[in-house]
Every structure is written in C-alpha cells, then in structure tokens.
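Protein chains in written order, with the working numbering: chain A, 1 to 96; chain B, 1001 to 1550; chain C, 2001 to 2317; chain D, 3001 to 3216.
It is worth saying that the hints were derived from the structure and are not from the lab.
Some clues are possibly wrong.
[Claimed, not checked] Not the full set, but computed from the structure, chain D residues with beta-carbon under 8 Å of chain A:
id : residue
1  : E3023
2  : S3026
3  : L3038
4  : L3045
5  : D3201
6  : I3206
[As the list claims (entries may be wrong)] Residues from chain D that keep clear of chain A, each with C-beta distances beyond 12 Å, as calculated:
id : residue
7  : A3071
8  : F3119
9  : G3134
10 : A3144
[Stated by the list, open to error] With beta-carbon atoms standing in for the labels, derived distance ranges:
id : chain 1 : residue 1 : chain 2 : residue 2 : range
11 : A       : F80       : D       : G3160     : 45 to 55 Å
12 : A       : F86       : D       : G3160     : 38 to 48 Å
13 : B       : E1543     : D       : S3168     : 54 to 64 Å
14 : D       : I3052     : C       : Q2313     : 56 to 66 Å
15 : D       : N3215     : A       : M1        : 45 to 55 Å
16 : A       : F86       : C       : D2279     : 43 to 53 Å
17 : C       : T2286     : D       : A3157     : 44 to 54 Å
18 : C       : A2056     : B       : A1128     : 40 to 50 Å
19 : A       : F80       : B       : A1128     : 26 to 36 Å
20 : C       : T2303     : D       : G3160     : 50 to 60 Å
21 : C       : P2042     : D       : R3011     : 47 to 57 Å
Cβ coordinates follow ideal geometry from the N, Cα and C atoms, glycine included.
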Amino acid sequence: MTPEERRQLWQHMRTPVISLGLLMALLAINVILGATLPFHGVWMLEAAVVLCMVLVVLFLSMDVSHEAPLIRVFSMLGFFWVLILFTMTLTDYLAR
Amino acid sequence: MSPSDAVMRDPGTARPTIDRPADYLHEEHTLRSWFFSTDHKRIGLLYLASITFFFVLGAIAACLVRLALIVPDGTIFSSDTYNKLFTMHGVIMIWFFLIPSIPATFGNFLLPLMIGAKDVAFPHLNLASFYIFITGALFTLITLVIGGVDTGWTFYAPFSTTFSNTYVIPALIGVIIVGFSSILTGLNFVVTIHKMRCPGMTWFRMPIFVWTLYATSLIFLLATPVITIALILLVMERAFGIGVFDPRLGGDPVLFEHLFWFYSHPAVYIMVLPGMGVITELVAAFSQKKVFGYRFVAYASIALASVTFLVWGHHMFVNGESQLAATVYSLLSFAVAVPSAVKVYNWTATIHKGSIHLDTPMLYAMGYIGLFVLGGLTGLFLATLAIDAHLHDTYFVVAHFHYIMVGGTMLAFLGGLHYWWPKFTGRMYPEAFGRVGAGLIFIGFNVTFFPQFILGYLGMPRRYHVYPPEFQLLNIMSSAGATILAAGYFFPMVYLIWSLWYGKKAPANPWNAKGLEWTTSSPPPTHNFLNTPLVDFEPYGYENKAPEIG
Amino acid sequence: MTPDIAGSHPLALWPAAASRSATEVDHLILAFTGITLVLTVPIFLAITYFALRYRAGRNTVRRHTEGRDVKIELSWMLIPFALTLGFFLWGAIIFNTELHPPGDSMEIQAIGRQWMWKFEHPGGQAEINDLHVPAGQNIMINMISQDVIHSLYLPALRIQMETLPNRYTQVWFKADRPGTYRLYCSEYCGTDHSKMDGNLTIMSPGDFANWLTEAGSTQSLAAIGARLYAAYGCGGCHNDNARVAPSLAGIYGSEIKLADGTTTIADDTFLRNKILNPDTQKIAGTKQVMPSFHGILKEDDLTHIVAYIRTLQEPTQ
Amino acid sequence: MAEAVLVGIERAEHFESIDQQREAASLGMWAWLLTELLLFSGLFLIALILRIQHPAAVTLATTHLKFWIGAANTAVLICSSFTMSGAIGLSRLGWQRGMVGCMLATATLGTLFLGLKGFEYYQDYAEHMMRFLGQPYALAADQATRLFIDVYFITTALHGLHLITGVSILLVLTVMAGRPNFLAQHQNRIEIYGLYWHFIDLIWIIVFPVLYVLNR
Chain A
1 MTPEERRQLW QHMRTPVISL GLLMALLAIN VILGATLPFH GVWMLEAAVV
51 LCMVLVVLFL SMDVSHEAPL IRVFSMLGFF WVLILFTMTL TDYLAR
Chain B
1001 MSPSDAVMRD PGTARPTIDR PADYLHEEHT LRSWFFSTDH KRIGLLYLAS
1051 ITFFFVLGAI AACLVRLALI VPDGTIFSSD TYNKLFTMHG VIMIWFFLIP
1101 SIPATFGNFL LPLMIGAKDV AFPHLNLASF YIFITGALFT LITLVIGGVD
1151 TGWTFYAPFS TTFSNTYVIP ALIGVIIVGF SSILTGLNFV VTIHKMRCPG
1201 MTWFRMPIFV WTLYATSLIF LLATPVITIA LILLVMERAF GIGVFDPRLG
1251 GDPVLFEHLF WFYSHPAVYI MVLPGMGVIT ELVAAFSQKK VFGYRFVAYA
1301 SIALASVTFL VWGHHMFVNG ESQLAATVYS LLSFAVAVPS AVKVYNWTAT
1351 IHKGSIHLDT PMLYAMGYIG LFVLGGLTGL FLATLAIDAH LHDTYFVVAH
1401 FHYIMVGGTM LAFLGGLHYW WPKFTGRMYP EAFGRVGAGL IFIGFNVTFF
1451 PQFILGYLGM PRRYHVYPPE FQLLNIMSSA GATILAAGYF FPMVYLIWSL
1501 WYGKKAPANP WNAKGLEWTT SSPPPTHNFL NTPLVDFEPY GYENKAPEIG
Chain C
2001 MTPDIAGSHP LALWPAAASR SATEVDHLIL AFTGITLVLT VPIFLAITYF
2051 ALRYRAGRNT VRRHTEGRDV KIELSWMLIP FALTLGFFLW GAIIFNTELH
2101 PPGDSMEIQA IGRQWMWKFE HPGGQAEIND LHVPAGQNIM INMISQDVIH
2151 SLYLPALRIQ METLPNRYTQ VWFKADRPGT YRLYCSEYCG TDHSKMDGNL
2201 TIMSPGDFAN WLTEAGSTQS LAAIGARLYA AYGCGGCHND NARVAPSLAG
2251 IYGSEIKLAD GTTTIADDTF LRNKILNPDT QKIAGTKQVM PSFHGILKED
2301 DLTHIVAYIR TLQEPTQ
Chain D
3001 MAEAVLVGIE RAEHFESIDQ QREAASLGMW AWLLTELLLF SGLFLIALIL
3051 RIQHPAAVTL ATTHLKFWIG AANTAVLICS SFTMSGAIGL SRLGWQRGMV
3101 GCMLATATLG TLFLGLKGFE YYQDYAEHMM RFLGQPYALA ADQATRLFID
3151 VYFITTALHG LHLITGVSIL LVLTVMAGRP NFLAQHQNRI EIYGLYWHFI
3201 DLIWIIVFPV LYVLNR
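Could you build all of it, start to finish, from the sequences and the hints given here?
Here it is, written out as structure tokens:
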C-alpha cells in the first residue's frame, strides 16, 4: 500500500476507528460495573453509559452529523417517540 | 372505443403514432400489466378493488349484527356467532377498509400527480406493500372461513390469550402482516413528499391533501410497529405459552392495553386525517375559493399527527389507571380537539363568499362537516373523566366512533371517489344519481347511529347480544336505519361501475379545479405529465373576483 | 320475577339517577351539550346559509379580504379550548371524589368471573348477579376478576370500574333513591358477556337490615345452588333433554350402577366427589366427559349445588 | 494495493437526478430504522414495567442469564459494525476487493454472534429455563421470573432473526458487489446496507444492558 493510498484510507477510516475505540471502552465500563456492582444505584450510571454508546453509534458509526438535517431529524424522531411511550406509560404505573 | 384503442390491441399491426400519449388505463391490457404493475395509479386502483371487496364483507357483518339486535333476547344468532360477527366487522372495517381506503387508494393515485412526480419514490416497494396487504387479507379470510374469532377487534388479554377458544392466532397474524403494508406505504409517501416534489413545489404550495397524507404517513411509521410487537406477544403467549401478559404469573393485562392503544388512538387519526385532506380539496374546489388559513390547516394536520400520540390513556380511564395519568390524558385529549376545530372553522370560512356548486362531492363534504363535528364533540364528552365513567364501553362510544368513521371518513372517501372519478377512469359519474346516493347515505346514517347515542346514555353496554327489553325500540330504529344505509352504499357502487362504460367522457378538468392533477389529461398518461411541471403559482389559485357577477 | 326497573319504560330518554353524584354527572353532560351546541349550531347554519347564498350563478358580492387573519384563527382556536377546559376541570373534580372512597363506607367484596357476579356482604351473605344495598350510606365495592377483565357497571349511579385478574380495584357510591336498577358487565368478556347482568336493589336501611337477616335463611341454599348450577353451565349437559350426560332429575338417593360393576347410593358425598373429580367412580354405560371442578368451586358453592340437586324431582309428565 | 474503480450510482427512471435518488434511499432506510426502533421499544417497555412491578423476580431471573456470553456478543457486534464501516469507506474509495473482504468479515462476525447466541440458548435449555418447550421450569418457585425470561427469549430471538436476515442479505450483496461494474452503478447500496447493520448493532447495544446488566 503506497503512503498515498494509506493516507486516503486513514482519511475514510478515522471516524470508524474512533467509534470502535469509544464503544469498546464504554462496553468495558458497563461490563465492569455489571460484574462488580460497586454501589446500589449503579443502574443509573449504566444507563448513562448505554446512552453514550447509542450516541456514539448514531453520530460516529452512522455518520448522522454529515447527513442532511432531515436525516438527523428522522434519526432523533424515533428516540423521541420512544420517550413519549415510556413517560406516558410510567405516569400510569408509577403513580398507582 | 375509439379506433386507436382497437388497433393497439391487435399486436399484429404496427403501432400507429396516436395523437395523444396512451393513458395509463389503455396502454396495456394484459393481466401482468395490472397485477405486476409498478405504476402508482394502477396500484391505487388495485387497492380500490380490494378494499371495496372488504367493505362489502364488513358491511354484511354489520347488517347481521343489526339484524341480531332487533330482538332483546338474542334468539336470531347464538351468542358465539354474534361475538364473531361484531369482531369480524371491527377487524375488517378498520384494518382492511378504513386504514387503507384514502391513503392507499387516493394517496397512491394522487400523491405523485399532486406534487408533479412521475411515480412514488420506491415503486417496487409500493407493489410489495399491496401484496403484503393481500397476504394479510388472506389470513383474515381464512380466519373467517374456518370459524371466525370472538375477541373483539381489541384482542384484550387475558381473554384473547387464554380464554377464547376461537381462531385468534390466524386473525392476529393477518393484522400483523397488514401492519407492514401500512408501514411500507407510510415510508414510501414520506420519502416521496420530501424528495420527489417537482421544481417550484415548495411545502406551502402543496395541496392540503398532501399535507394530511404526510401527517398520516408519519403516524403509520411511528405507531404501527408498536401494535406489531404487541400482537406478536399475543401470538407468542397463546401459541407457545411464552406469557408476558399472563395474570396467573403476575403479568399485567393492562400493559397490553397500553401498547394496543398507543397504536390504536393514532390509528383513529390515520383514518380521520386523510378524510380531512379530501374534504379540504372538495370544499376549495366546489367553492372555487382559496382555502381559508392554508398554513393553519397545514400546521393543524402535523399538530394532530404528534399530539395524537399523547392521548391514548383516555381509553383506559376506568381500568384502574392512576388518577394522575387519567387527569393528564383527559387534559391532553381536550387539547387534541383544537386542531380539528381549526380545520372545521377554516372549512366554514372557505365556503363563505365562494361560488358554491352543490354537486355530489360537495354534498358529501357538507354532510362530512356536520357529522364529523358531532362525532368530534361527543369524543370530548368521552374525554371528560366523570362522563366517561358513565359512558365508557356503552353504545355512546359506538355512536361516537361511527360518527367519525362513517359520518367522517366514509363520506370523505365517497366524496373524493366522485370528485376524482373522472381522473381515475376518464368517465363522469351520473350527477343526479350521485346526489340521490348522498342523500340516502346521510339519512340512513343518522337514523342508524343517532339512537345509539341515546342507548349509550341510557346505559346499554357495548357488544351486548342480549339486552334489557326497554332498549328494543331504539335498537329497532337503528336496525331500520342500517337498511337505508346499506342501500345508500350499494347505490354508488352500481352507478359508478355503470359509468365505466356508459359515463360521459371526462375532460381534463371537469370541475375547473386548481391542482397539478387537473393540469394533466383524464385519465393521465403513464408518466403523469408530458414534461415535468414547473410550479410558480400559489395552491388553490382561484381568483378573488366573482366570476359570475351579472 | 323481573321487578319493575325504575325508569325503564320503553320511551325513557334519560336514565334514572339514584345518587347525588349521578345527578351531578347529568348536570355536567347537559351543560357540556349546551356549550357544544353553542359552538357547533352556528357552523351548521353557516355552511347551509353560505351554500345557498353564494351558490354559483347567484350574483352577490364575493370580494373578500385575503389578509393574514391570524387574529381570527387564534380566536377560534383558543376560545373553544378555554370554554371546554372548564368541563375538563369539573369532570376531573367529580372523578376525584369517585376515586377516593370515604373511610366509613361499608365494604362489599365482588368477584367477577366468566359470566356471573358474586357479591359478599360484610355479614357473609353471598349474592349471585344481584346486589342489595342500603340507601343513604357510603358503600365501597372491592372487586377482582377470576379470569378475564370484566367491568362492574351501575348506570343508575353513573359509575363503572373494571375488575382485573391481577389486582383489586374499588368503586364507591352513596345511593339515596330506593328502587331496583340494572347492573351490567360492560367490558367484553366472552360468550355470555351480555348475560352477566343483574339488578341493583337500593333499599331503605330498615328493609335492608331485615333483608340481611332473612337473606341468610330463606334465600335457601337451594336457591343459591340453582343460580350456581345455571351460572357454571351444569344445565348445558345435565338437563333433561341433554344426551351428553345423565339427567340429574330425581338422582338424589337413587341407586347408581358403576362401571366396575358395583352399585352405590347417590348421596351428598357421592355427588360432591363426582363434581370435584368426575374420573373416579365412573358410571356404567356412559362415557365420562365431565370436566373437573376442583379448585373452581369453593366449599360453600359445593354445598349449595348439592342442596339444589337434592330438590330436583322426576319430571312429572 | 487496489486500483480504484469508477464509483457512482445509476439513475432510476422515475428520479430526476442522482442526488434525489441517493437522498431518497437514505431517508427511506432511516424511516425503516425508526420503525425497527419502535418495534423493539415495546419490548423494552415491558422489561422496564416488569422491573417496576417485580424487582426481586427480575434480579433472580438475570442471575440465570449468561452475562459473559452477552458481553462477548456485544464486543463481536461492535467489531462487525467497525468492519462494516470499513466496507463503506473502501466502497467510497473504489477499492472493490478490500470492500468485499470487509463485507465478508462483517458476515463472519455476524455468524459468530449467532453461534454464541445458539450456544447461550443451549445452556439455557440445559438449565431448564425453556418452560415453553415443556421442561420443568428451573425457577418454579417464583413464577414472575418466567415473565422476564419470556421477554429475554422474545427480544433476543427477534434480534437474532434480524441478524439472520441481515447476514443473508449481506452475503447476497457481497456476491453482487464482487461483479465488475457494481460500484459504478450501485455504490449507495453498500451505504444503505451499512445503516441497517449499524442499527442492528445499536439495538443490541440497548438490549444487552436492559436484559443482562441493569441491577444484576
């Protein structure tokens, strides 16, 4: 692979490599937290780590930030509607 | 038939260069060209034929239900048969007629025409959606033939999972599959409206019907998957004992109700929104006047598509729902009535100072406005907590949603069918018969369903095969009305089919209406427009000066 | 013996109201209807009037301003919303009182099961499908379902509440107009959903007191047994012209030939064991198809049913 | 290493321009992924409600889930997501052979995931967790655990189904992508498929904690 081709390759593969590293690190954190259960409310930290992983996949692996604004809206729309489903159902279950 | 058609059919002779481009109807007549066509117009007509078949099935079930309710002691049918009849009426009418009726038929046919595109974004996906619809329909027909299902269209657990001994699983699979047809149609329309608009067709130059199609497609995408997973869980629980809602294990059947109504209330707006779009088109065209408050009506459609996801709890006020949830859902249900009110007031303002042609479509539109308003406000009654405690699951609810579905969406569908019939088939429907049909349906509908409001307030519960004798008089009135309504439905079918051969040839724009679909020939050429239109004019460009002064 | 149901003559257009909160709900819905008529009748009149006045061909002034009339739009968005919000509040307040039973209310246990209601008074008196309550006293019904979701619906009191199989739900009321009213199951629950109704009888405290005492005795075990016999569908197989199972008329005390050749007397224990596990002591000459009622029928139900079978005599004809 | 082939998209008949076609395809896939997310969100909601209503039973049930196999599977899918991004990068550069290599790597990682999943199901079967196969249920003491175990089976089976269809479509696409002027006509198919694959990984990234990790 000539240095020119290697530079071209790195130019395209930079974001995927970063996303792989981040995801592996976050997964490691969650696995360690899950295995050791350091403190009682650890599920909140684990949920936050999962949220970061989801954002990493969306914005780095799927490169949503370089897509048209319309695509960005559609990628967020699904999560917003899941939020609606969860919050409205919880108003029933948590307040019983 | 004009000589050029005959020549075309005989493959032997060389094809003559005919003056007008062959329109989509007469271009090819092979079975393959119809059943494997990726032309959005032909797929629209395929949908029209299949939903009409299912409408007839559902209407027969409805007539038998009304027949059974003439006598209070329920001796005409057994209770099981009655339960299977009203379930089949519900399932077929909702998933196989109302939901596909305006989006899949008018939407498929008119969307590319209205935004100046050659076809929808994914024509092959469009054909696949139709065949997924047919597969789902087959499952439902099989369920009907082998013995029917008696759970009601709501399939509430644990009755549907453990206690019903009828064919629940085939019915569930049928509805799951037809759900995918809705999802793919919604996906196709969303992409088409975003990406396939012709040059100059900005969002605020699109007809309101396209706005409502966009809002409906958003609901298709955002709501249908949730009922798909809910029904899959029912199938899993009933077939394999993988119980998620099973109360004997500690599961909560109310959880199924949450998932079910998360879809089913927005599904009500899937059925209502396209109807509103059609009515806006009819009111504008037959008043020869710009839509009043175009932007408000457009934004109201999108507002409906989003707020409708916040109100499903008003179906569950009396099943032990927490008071906080009940109060929040009741308040939001009042808010969801505002966009509908905006539309109704804007229609009225559009008719004001227009130049009104009271043709058949306009009669349907006027009937729609009257009945839809009644339906909508009885919905507000049911959204009030204390009133719903009395009226929940009574005939008041049955009357409410029939006023919306039949008084609203059905009249809009028939109005739209008459309005765009020349564009679909190149033939005019007989005007006098059309008006008689509209009158028949309006009268029959009111005689059928207004007594049910009274029955509901008197306390007659819903889905009752045997009822106290004091309700018999009102039930007989309702059944009598049903016969008029059935005649009213049958009549347009007859004269519309008749008009296919003997109706007058339709000009490109019989109603002097604005809109891209009227700028091309009737029936339109296969690729809709000879050359891609350029839109540099406002929608509904009716002049403000009075055309008929003096 | 269908008692005269109050307010149930065929042309009644308004249900009888048997409690103060019922009349309040009536006022709420009448006021709401009033407001909706105020909001909608102008629309119906307007569209018909416009349709006639501005009909194509009639020469009339059609010039109209096309200004951006945001004010009109906002007004007909917010005014109807504000008007209707009052009814949301009123409804929420009534519903709030309905959801919180007062402390001193008499508690009745209700069990909904496929196709019958069973009510148990604090004193232990059980009723099938019918409910007798004293007027003028807070009554709270604590209910649960044994199988599917039912819903106890008392239209005369304008209330209903679903019975869920996995948890208790409550509904309370203070009835004050004595009379007999209807009681329904309003949540679809299967084949005989429409037969799962009965009568709500509101009595003056005095009548209720002596009803309670004699309910314990005269409403004999056999009468309750008869209702259970019907409710559990025993008649479906066992009544006289059924071919599936032997008729029970006059069976009590008669000699029964068993499949293993021996004979036995159909006394209380034999009937009770046959009901609980029909596979034992098979009867000669008939195929055993009866389902077991073990775990379904409680002890007192069994005694009621056996008492009822005892009263079944040979058909006279 | 690889001579770059011409990269482009062939305009379909009903589209006006190639940009319109590419954006339409991308928006269409995102709309589909939106429905997939909502499909799985129903299951996540049930898992959450079960955690609220039967916390003890859920914790007992999670002790029987194979935490380490789940973790390994998540890592496998993250790597496959990386190799898929590699395939997309190479398709943009036009290095066809490299791209086909990456796609095959993604497919093998996907199959590895399915293999690990199958092994996990076998272990569940051995531990009598599969009540619906007629075995005596291991945790019969606490019936509510069956609810969570059922949610676990349905969610992982549904995700597995998506993976099986994903891998088979990928293999078909790889065969087509190997053809000479595939990249000149259908380069965006690789990108569109990449979105789908990343989303399967995203769903598993949510499934793994929701079922295996949260308050073990």
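Structure-based check of all given hints:
1. This hint holds: D:E3023 has a C-beta 6 Å from the nearest C-beta of chain A, less than the 8 Å allowed.
2. Look at D:S3026: its Cβ gets to within about 6 Å of chain A, closer than 8 Å, so that hint holds up.
3. Taking 8 Å as the C-beta contact cut-off toward chain A, the hint placing D:L3038 at the interface holds, the least distance being around 6 Å.
4. Residue-level restraint check for D:L3045 holds (minimum Cβ-Cβ distance to chain A is 6 Å; threshold 8 Å).
5. A least Cβ separation of about 7 Å between D:D3201 and chain A falls short of the 8 Å threshold, and the interface hint therefore holds.
6. With a cut of 8 Å, the hint placing D:I3206 at the interface with chain A holds, because the nearest CB-to-CB distance is about 6 Å.
7. With a closest Cβ-Cβ approach of about 5 Å to chain A, D:A3071 is found to fall inside the 12 Å limit, against its non-interface label.
8. With a least beta-carbon separation of about 19 Å from chain A, D:F3119 lies farther than 12 Å from that chain, consistent with its non-interface assignment.
9. The Cβ of D:G3134 lies farther than 12 Å from every Cβ of chain A, with a closest approach of about 32 Å, so its non-interface assignment holds.
10. With a least beta-carbon separation of about 15 Å from chain A, D:A3144 lies farther than 12 Å from that chain, consistent with its non-interface assignment.
11. At roughly 28 Å, the beta-carbon separation of A:F80 and D:G3160 lies outside the given 45 to 55 Å, and the hint is violated.
12. Between A:F86 and D:G3160 the beta carbon distance is about 24 Å. The supplied range of 38 to 48 Å is therefore violated.
13. The supplied range of 54 to 64 Å is met by B:E1543 and D:S3168, whose beta-carbon atoms lie about 59 Å from each other.
14. Under the hint 56 to 66 Å, the C-beta atoms of D:I3052 and C:Q2313, about 58 Å apart, fit the expected range.
15. Taking 45 to 55 Å as the suggested C-beta distance range, the pair D:N3215 and A:M1 conforms, at roughly 48 Å.
16. Remark: the range hint 43 to 53 Å for A:F86 to C:D2279 is upheld by a beta-carbon distance near 50 Å.
17. Checked against the hint of 44 to 54 Å, the pair C:T2286 and D:A3157 passes, with Cβ atoms roughly 47 Å apart.
18. Separation of C:A2056 from B:A1128 is about 45 Å and conforms to the stated range, judged on CB atoms against 40 to 50 Å.
19. At roughly 28 Å, the beta-carbon separation of A:F80 and B:A1128 lies within the given 26 to 36 Å, and the hint holds.
20. Between C:T2303 and D:G3160 the C-beta distance comes to about 55 Å, which sits within the given range of 50 to 60 Å.
21. The beta-carbon spacing between C:P2042 and D:R3011, approximately 55 Å, falls within the hinted interval of 47 to 57 Å.
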